[in-house]
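Peer 1: Just so you know, the sequences run in chain order A and B. First residue of the first sequence? That's -18 in the numbering used here, and the numbers climb one at a time after it. First residue of the second sequence? That's -18 in the numbering used here, and the numbers climb one at a time after it.
These aren't lab readings, by the way, just hints derived from the structure by calculation. Don't take every hint at face value.
When chains are identical, the list treats them as one kind, so a pair holds in a single copy or across two.
Calculated pairs, DSS-like style, for lysine-lysine (alpha carbon to alpha carbon, straight line, at most 25 Å) [as the list claims (entries may be wrong)]:
id	residue 1	residue 2
1	Lys217	Lys251
2	Lys211	Lys338
3	Lys86	Lys74
4	Lys337	Lys198
5	Lys62	Lys335
6	Lys62	Lys217
7	Lys251	Lys264
8	Lys74	Lys313
9	Lys62	Lys264
Number of protein chains: 2
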Amino acid sequence: MFNIAIAQSGGPTAAINASLTGVFAEASKVPLIDEIYGAENGIEGIINDRFVNLRNILTDEHDMELLMHTPSTILGSCRFKLKDHKESEDDYKKILATFEKHNIKAFFYIGGNDSMDTVLKLNGYFTEKGIDIKVIGIPKTIDNDLPETDHTPGFGSAAKYVATSLQEIIRDSRVYSIPSVTIVEIMGRDAGWLTASSCVLRANGEPAPHLIYLPEKEFSPEKYLADVKKALDRYKAVLVAVSEGIRFPGAHYDEHKDAFGHTQNAGIGKLLENYTKEHLNCKVRSIELNVMQRCSSHIASLTDLLEAKRAGEAAVTACIGNNCTGVMIILKRLSNNPYRVEMLTTPIENVANKEKKFPTEWITPEGNNVSIDALNYFLPLIQGEPVLEFRNGVPVHFRLDQ
Amino acid sequence: MFNIAIAQSGGPTAAINASLTGVFAEASKVPLIDEIYGAENGIEGIINDRFVNLRNILTDEHDMELLMHTPSTILGSCRFKLKDHKESEDDYKKILATFEKHNIKAFFYIGGNDSMDTVLKLNGYFTEKGIDIKVIGIPKTIDNDLPETDHTPGFGSAAKYVATSLQEIIRDSRVYSIPSVTIVEIMGRDAGWLTASSCVLRANGEPAPHLIYLPEKEFSPEKYLADVKKALDRYKAVLVAVSEGIRFPGAHYDEHKDAFGHTQNAGIGKLLENYTKEHLNCKVRSIELNVMQRCSSHIASLTDLLEAKRAGEAAVTACIGNNCTGVMIILKRLSNNPYRVEMLTTPIENVANKEKKFPTEWITPEGNNVSIDALNYFLPLIQGEPVLEFRNGVPVHFRLDQ
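Using the sequences and the accompanying hints, generate a full structural model.
Peer 2: Printed below as a string of structure tokens:
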């Protein structure tokens, strides 16, 4: 008998708890596994020995069901970068001490490319030292920027929220008789996946968003202005989807960097709003979808939630059934119609600290929209709506504390 | 036989099309009514004779069902202030010409307190001239600031969106181990109703939002800072709900006014974020819920939608059945448990250009939250979820054009 640990890391998504549910459900079926621990605030909780016993918390099917539909991370998260163990072994020793103290033989880390850096380093350390503790990564990010995997759990729900909200913003933007430009800033750091996914509305005959700008293509303000003018000739209310990762040439950015050295690019929407107002005589507004796009579980994609859960289950199978370590679960798309996905593994060095950009061949030659291939890629990911439990008019969330 | 006209005015809501559906459905039952016209862009469409024949557009139950769940105004809207006819009769003559040309004997105007000014003036003009055209107002505003009526159609859906999103933002804000303050700016111009409605989460045992600031109470930055500090002693992640109508003393506001002279108060959230950062050593973020709070039909309140429809039906009954003119439909709450509402009328002069503020007796003595009476008032308004038709992963909207 041995115990296992799970932790969650990086930015919240609507599906990260679904992956935890998957690990828990699958691990519960393995007779060799005794306790299933959750570490608070990612790897920080392992370093500092802050655990909750998930068997005490997830006591029945109803708890599991609620957790599936609760956004963000029930265990908390972190943005902690583990130093190379050759540089400093301190944290590694603490982690090992915690694992040994609790007889933990397998560690499941749900996160994005930064979190996979932790999986890589930890697995490297254990392997080098001949320590038999398995480390498995489970992908999660609304940015969809992990290599090797067709897409990442969490992305589909964010895309469904973005599409649903954009469709409503389109209706809202069309009410007055004067021409208008509405600029919607969408998350995704340096990758344009989430912004590009707004093209799904086209499947329902919606011409908006009329213009889509991604960080994978150099942004020209002059070209943008010409694009908007042209769109205004045809449409009364023009909707522009713009990635937060777009760089406006010459603009001053607040170069705040996080613990991983990523620049925080807030504000392109407002910047473009002001620029458009300066040059065009029409109503201009910018909207930031903000954290709602990563935590709106009330309009999550059922496909995404179920895949997130399957990724959690597959991680347990890979680790316990197939004796894997130092790998991340990846999703391989088998077919689009019917949509089918299989869960595989990839060595962690293939994904850690790496980033998958939106394919430039899916950007239209004009650089202001995306192709039908992109549409076909995105559409299956946003299908299906979860049935939620409501109490007093709002969805019931699973809560550990206040 | 005669014809009727319907128009929509003011800011969009998730329920304004439901009221139109109600007028259409009830008018369709009246044998004396021949055509049912919709005017484009509110009273502007009447002045300029821009009509659509709703019988050609709403052809079956499915159309009606889709329209019920489509946000914003299918006919477009306006912010047009009719001059007093003693000052200038031009627009009145145009309106009359349009009505006479199309044999329109009753006009239904769905809108807020500014739109009711149009109903008041038009009815006054027709009465004075002895013209037999009835004018009826149907209330609509997410601000909930119309007098006489218990609440306004559109408000409940906005409140449900705000509560649902705040609950998700709360989950999102709690993931990291460091203390944080999240400030959410909520719409409502000079009335705090929508911001106050965020208290509904308390019914599910959620302590957040920990602080609620409304324009009905003078805002003191020093007191605010002390409130936040105290909340941080108890809660790791403090959530502040703040009305866009709050005035930060000494701050420079962009005094842009709309056609009705209302100041556009954008930016209090960002202002408070910067102020908090200056004075407190913790993570601070501000979020503007923006237009999503008035157009998120995907999380509309079923209670609200059904009441909005009933208000439309009641307007036809009042006009055709009871021969009323120069009135607005009001909602009277009969009981809370079970929640029951009846539709009545009030003379238009009781509501036009008047504003109902959030009751100060429902604000706690500390001025930073609301009472249980407020909670009991709000709770029934956000109950129930509509069953939506989805296509390609997003709700299907009823669309007239591109």
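Peer 1: For Lys217 vs Lys251, is the C-alpha pair at or below 25 Å within one copy, between two copies, both, or neither?
Peer 2: Within. Shortest intra-copy distance 21 Å satisfies the 25 Å Cα cut-off; inter-copy 30 Å does not.
Peer 1: When no copy is named, should Lys62 and Lys264 be tagged within, between, both, or neither for a Cα gap of at most 25 Å?
Peer 2: Between copies only: 19 Å across chains, 44 Å inside a chain, cut-off 25 Å.
Peer 1: Treating 25 Å as the Cα threshold, decide for Lys62 and Lys217: within, between, both or neither.
Peer 2: between (48 Å within a copy, 22 Å between copies)
Peer 1: One pair to classify: Lys86 and Lys74, alpha carbons no more than 25 Å apart. Within, between, both, or neither?
Peer 2: Only inside one copy: Lys86 and Lys74 sit 15 Å apart there, 84 Å across copies, limit 25 Å.
Peer 1: Can you tell me if Lys62 and Lys335 fall within 25 Å by alpha carbon in one copy, between copies, both or neither?
Peer 2: within (15 Å within a copy, 57 Å between copies)
Peer 1: Given identical chains, is Lys337 near Lys198, meaning Cα to Cα at most 25 Å, within a copy, between copies, both, or neither?
Peer 2: Intra 14 Å, inter 50 Å, cutoff 25 Å: intra-copy only.
Peer 1: Have a look at Lys251 and Lys264 and pick one of within, between, both or neither, based on CA distance no larger than 25 Å.
Peer 2: both (14 Å within a copy, 22 Å between copies)
Peer 1: As a check of your reading, is Lys74 near Lys313 (CA-CA no more than 25 Å) within one copy, between copies, both or neither?
Peer 2: Result: close neither inside a copy nor across copies, 36 Å intra and 68 Å inter.
Peer 1: With 25 Å as the alpha-carbon cut-off, assign the pair Lys211 and Lys338 to within, between, both or neither.
Peer 2: neither (28 Å within a copy, 44 Å between copies)
Of the numbered hints stated above, those contradicted by the structure are hints 2 and 8, listed in ascending order.
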